[in-house]
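Peer 1: Listed below are the residues making up each chain.
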Amino acid sequence: MYKNFTAFSRWDSCVKIKIVRMIKLTCIVLFIAVLQVSAGTYAQKLTLRFKDAPMENVLLDIRQQSGYDFLYSAQLLKKAKPVTMDVKGASIEQVLKSCMAGQPLSYVINKNTVTITAAPAPVAPAVFPVTGRVVDEKGIPLPGVSVKVKGTATGAMTDADGKFALNAPDDQGILVFSYVGYESLEKPINSLKVINVVLAESAQSLNDVVVVGYGTQKRTSVTGAVDQITSAAIEGKPAMNVTQALQGVSPNLIVQQSNPEPGAGASLNIRGVGTMGDNSPLVVIDGIVGGDINLLNPSDIQSVSVLKDAGSAAIYGSRSANGVILVTTKQGAKNSSMKITLNALAGLQTPHVLYKPVKGYENAILRNEANVNAGQTPIYNAQQIRDFKERGDEQWFLDAILQNALQQNHNLSVSGGNAQSTYLVSIGYADQRNNLVGPDYGLKRYNYRINLNNEYGKFKLNSILSYSKSMIKDHSSNTSTLIVDAGRVPTIFKLKDDQGRYLTNEVLAEFNPLGQLEQGGYRKYDNDNLFGSLTAEYAATDYLKFRGIFGGTLTSNHLFARTIQVNYFPQGISGADRNTNDENNKNLFLNTQFIAEFNKTFNKSHAVSVLLGVANESANNEGNRIYRRFTDPELGTPITGTVIDPSSQNTNQATAESSLNSVFGRANYSFNDKYYAEANFRVDGSSKFSRQNRWGFFPAVSAGYRLSQEDFMKDYQSKFGDVKIRGSYGILGNQNVGNYQFQTTYFNIQNSYAFGDGIVSGTGFNFSNPDIRWERAATFNIGADLTFFKNSLNVSVDYFDKITRDILVQPVVPGVFGASLPDFNSAEMQNRGWELSVSYRLNTDNFKHVIGLNLGDSKNKVRSYSGRERIASSDEMQYIIREGLPFNSYVGLKTDGYFQTMEEVNNGPKPAGLTNLGPGDIRYVDVNKDGVIDDKDRYVLGNAFPRYTFGFTYALTYKNFDMNLFIQGVGKRNAFIRGEMVEPYHFNYGQVAYEHQLDYWRPDNTDARYPRLAANGSQSNTNNFRKGSDAYIYNAAYARLKNVQIGYSLSPELTKKLGMQKFRVYASGQNLLTLSGLKFLDPENTEFNGNLSAGGANSARAYPTPIYVGMGLDVTF
Amino acid sequence: MRSLSNKIILTAALLSGLFASCKKLDLVPTDRFTDENYWTTTEKASGVLNTAYSQIFNTDRFFYNEAMSDNAYNGRGDNQGAASLAAGTYDPSLGRLKEEWNDRYSGIKTCNLFLGNVDKVSNMDPTLKARMKAETRFIRAFQYFQLMTWYGDVPLFDKDLSLEEAQKITRTPKAQVLAFVLAELDAAAADLPITSAYAATDKGRVTKGAAIALKARVLLYEGRWQEVITTCEALMSGTNGSYSLFPSYEGLFLPANEHNSEVILDLQYLPTFRTYGNLFDMAPISVGARLNAMSATQELVDNYLMMNGKTIREAGSGYVESNPYVNRDPRLTNTLVYHNYQWKRADGSTKTIYIKPGSDPDQSQKLDEYAAGGTNSPTGYYLRKYYDPTSLPNFVSGLNLILIRYADILLMYAEAKNELGQLDADAWNKSVRLTRSRAGFTDAAALDFNGTPGVEGLRTIVRNERRSEFAMEGLRIFDIRRWRIAEQVLNGWAHGAQYGPASIDNGYIRANQRVFDAGKHYLWPIPRDERAINPNLSQNPGW
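Top to bottom, those sequences are chains A and B. All residue numbers for the first sequence refer to this note's numbering, where the first residue is 1 and numbers rise by one. All residue numbers for the second sequence refer to this note's numbering, where the first residue is 1118 and numbers rise by one.
Simulated from the structure, these hints should not be mistaken for lab results. Backbone N, C-alpha and C fix where the C-beta goes; we use that ideal spot for every residue, glycine too. Check before you lean on any hint, since a few could be wrong.
[What the hints assert, rightly or not] According to the in silico footprint, chain A covers these stretches of chain B (three or more CB under 8 angstroms from chain A):
no., segment
1, 1147-1159
2, 1213-1222
3, 1363-1370
4, 1389-1396
Chain A with its partners taken away, still in its complex shape (with noise of 0.2 angstroms):
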């Protein structure tokens, strides 16, 4: 190192001067490298004598004698004057002194490094120093804080222990302690020399800065409509993944989980249903497009912006019509010394069924009624209903193959930052067991994320790096099918015998869910996902910075199933095809964006940004799966008859590209912090369009107007708060359909015929529609914020409008047509609606309560649908998209009571073909008066689509204790539900009555929730369950507590000494209480996902929502 130094200042200045800027740059670095090498060197005298000599040499000298390293710029060392200096024996301090006195330099000991800079500009005298130290509400020191002393340049930041030292001008100034995310505070120094502060922390601060798209903005300046959810709301919830912990956090955020078996997904659906295909949001992760969301680990996000409008989500141009999802995942702090912070959670799920079969004996009784009704003999006979009554029941094959489950979510996370450099690594683990009995089913999730930054002066880099791997185990059978057919077995049958056989029986000859269940195999899933990014940021000027962002996603999914083959007594095989299955997946996602930014103030009041970017995104996804049939009933490997199963896919069959490029840009005008001005805009091209409609154009503009900065308006600010109204208009884009769609493509259709003994295959094809362009959505948005009470009560209100055009959907294609056709851009669709958060913080002596609320709903409305309507139907449930309609409405017959006696029968209109009813079958009411029920008879029943969403946090701090309680629910939903839990004996398929059917009609019961009991195929069971009606429709509405936490810290004091920051214990619980008129299904149960899709009927067969009950750990270091 001595050397090397030597060595550089021989050189020639240029080269000099790059190289000590380059060490100025690297400084640390350098500092670390410098004490490894000379550590240990000489506090030894030093001699020095020297008349008008270059202060270069005289540092040389000063070097040679006392081994310390000097770091400068020749260039500074011109500025010097000659030196004379005469000393013996003087140590480096004094010598340093004395050859700086009055030279324009000044230098500092470092060990044993000497560092020279220019002297600083001489400083007014400080006349009055203040020390102090900054807490949070839980006495944990902020690092970071600014401290300024208002009105002056006076200021300083805290260190890692929440430390400040500045000297003010004197000792009447005011101190302003501001901070991302708390309130800011203002003490006046009164003379006190000691000032030490709590800050609280903001609902929604004034000054917070909010994530939007490619940048950030202050609160004050957004003019879209933006709602920023911070990490608060997620954490300490037993939630497995993202998207659950964000239900009812956010107004019109609409999260529906219809099956909450362990590894199923959530939909996120955003002011609900604009168009008639893909509503789900655009998600954005750390400024990369794409990813799943819930893959990240929830204890990683730092926050999370839903952009709901056309001013905020535009710079997403074609993908942005569902609105878009920004997560940000948390970084290290600048200044501030190692944290490591230790979340573990564990609890327990407890299945709940909300249904109950009746008593075996009663079901026997039961189905003699449903019989007799019909027309037909009884089943059992007086002797045998008394043997099953004496006999009891036995276990409920449904309660049989359920269990108790745990669930465990840990987190433990590090990390800090000196001036430059900030890290954060994290590594979290995730484990939920499934509530179905079985070998070790359930999910199982790891993330790693190290998330660094480091500034170079004018250059910043970003570096993120995610893993994450999930690894689910389940059944090799379906779910729905195992609860449904466990429910339909009547108490009287046993599941085992004496020597473990499973036993099958006359409901269940096939199989029984309790053998398939633990021996008939699984399906193991192990997903890998690796996110990246790096993003290097130039600040040119301190008006205009460069940015590049290159990051993407690689998913690695894999599949490994076997079907094992169980054979049950006396009859019944299950997996007899003995599957062994293999998928693979491998999806490359890669972002590229460059981006020029520009912030300029002029004037003091003109404050103008622009940004300007390029970016691709490009899709590879490549995939194969191997089926074989016939394995090897214990190994699963090919034996002798083992076939390779026609479905089994190559790579080629598997691929599939997509690609996108874009420009896009923001101008910002904002004068005086009171009138704003925004336009946004990007310019797309899809592979997945043809050339000719390729490139689509999307812009939106929005204002914003500070009522409150008005001197109009002074006095009300000071006694209320802020008011700012914004609104804005804007065209976006949606993208989601299939690739290739302007093509007409032929496909080969293995084993399509036979001929002779061989096999052939066929030729499908897919219709082009060469026209394939965007769907346009012209969005309108008006909002307001205001704030009362010093900040302490927050409120927001939205309206929205929002038409969308060109919807891509299938046509309507007469059967006469022969084929399906690909996506036209062919409906319009109108959804309107409005949002409203409020928050409020009240804090007493002892208690601090924090009360959130929002509320959102969404009106669809279609407009068009190729100038036609159509009914769809699944089973019972019809819908239909007609003009004027909400999108998928139900529709069928409407109830009209039940026929109470013969007369009315005889003399009331009866679907076509039904001579044959009685009292107590359903009455439909007869629309057109023919005299007979059909389909021209039809009404309009409801939507499944939830609306007036909610949620209500209440969040109390008593001293040590906190407690948080959420609430969230759906002010309005029908559910169309079917099957067994509304049609006693459901086609004899099932052959259980439950509890809540026991309201049918009887003589005696003539208003009853049911119609009478009547076997499977008699004309009653058509008339009253084969049609669908009213009947199947049930109030889907709730209000759910959602989440429970109560915690208790130990005090500061206690955890300090303890050498901790925070130590916080407590229980919480999930899906507590639920209120609904629905009792028998849980209410959030849907056929229907975001989209208002239909994957065919609700009949009921969910895997159970579970009770979580559990125990929480919070430490930090």
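With chain A fixed as given, assemble chain B onto it according to the hints.
Peer 2: For chain B alone, kept in the frame of chain A given last:
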């Protein structure tokens, strides 16, 4: 420092520029052809024809069509709409109506695409091309024949339709559709080879004989008796392929005898590759079925003659109601499973099927015993015909399903002859005698012609012969519709075996109550959704 940062920025800009610009947006799929490169080879073109073959019929409809008739009852679910259609409790929204319509027109589209594009394939052997066109035209005619039989007037076109055309098209009168079908079959027959002219690897393709046989069936459904006779004779003469009854009625439906001399047109299946498993829901539970979704009615069982040729109700038939399954037409045993049936397993051993309540020696099991409301047979009968002893577990079978067989030619001939008053000993001996003797009748009273009953009486005899011969083969529903007897046989209760309370219907199980409105049920309604899309489609009377 500036130049260093500049370097970094430059590199970043270059890199991102590289990524952003070199990604092309013209992407093509890797697993399929496009219009440009599809119609280039014979092999590729024949792929479309193969698809057309696969669309001729589907196995669910092949089996469950029987439950639309008085021969069987779909007691669980509403499979292929059979339960609703049999009971008369349907309206134009019934799924089956739309599915049948859509599937038939999908088949027609495939044919039209082939016929419209095959000439683009250069270097195709002209003889082969002519044959393939004829096969396609046959299949298209078959689809139209099915459509007009169910719906009457239907849209008729012989070129691929555009969406706009399909949204406006009107129904073509049935007579015109019929004329088209007949003309197409004639044209196809001219270019199709006879069975023996096909290579072994082409067995199962449409033949000249199949075209003629289908024409006979089309004419039969129209009651054009003389033409039926002539057309049948074209096959009976042996000049259009050599057909004869397969010696064993049982063997006719066994995989060992696929492509036998009696088969004129059948659907091709192949073990492992193209299979069906419908018997999983029809065979006795004790031999491995999971439940029963379709079972024969007592009315069908009663149709089988005694070995002496008499019906069970005729004086001197020897029928004993308490022991009803003895001395019966052997086809009963080869078609249905009844109480005390000796089920022949694949290995040749037998298993007794106990259906009568309380009869199973193992009362802890009694899987097949009739019990009201159980998941097994609601009529006390199970299915045997088309049981494939080589099938895999769960009755997964690759056994071909026969659409037209030579026995049908013979019985069409007999029926037409009788309708023209020409069913004499000669015609009888060429037809009914052959099917009966092949069935296993030996008694002269069952085999010999007896003209005493006259045309009316013989009509019943021939019709009943047809019912027994083709039971559970999906033809009955078409027969009762063309005979216009549906309002008699599809009204009131369909029954099962005599296991019910003696006080009701003499103890025969009341399985399913049915209604048939002759005013409208002879034609299916045009599907609701079709009319919603295309208002130009008129509706059938009564709907």
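Peer 1: Under the constraints set out in the numbered hints, which ones does this structure not fulfil?
Peer 2: 3
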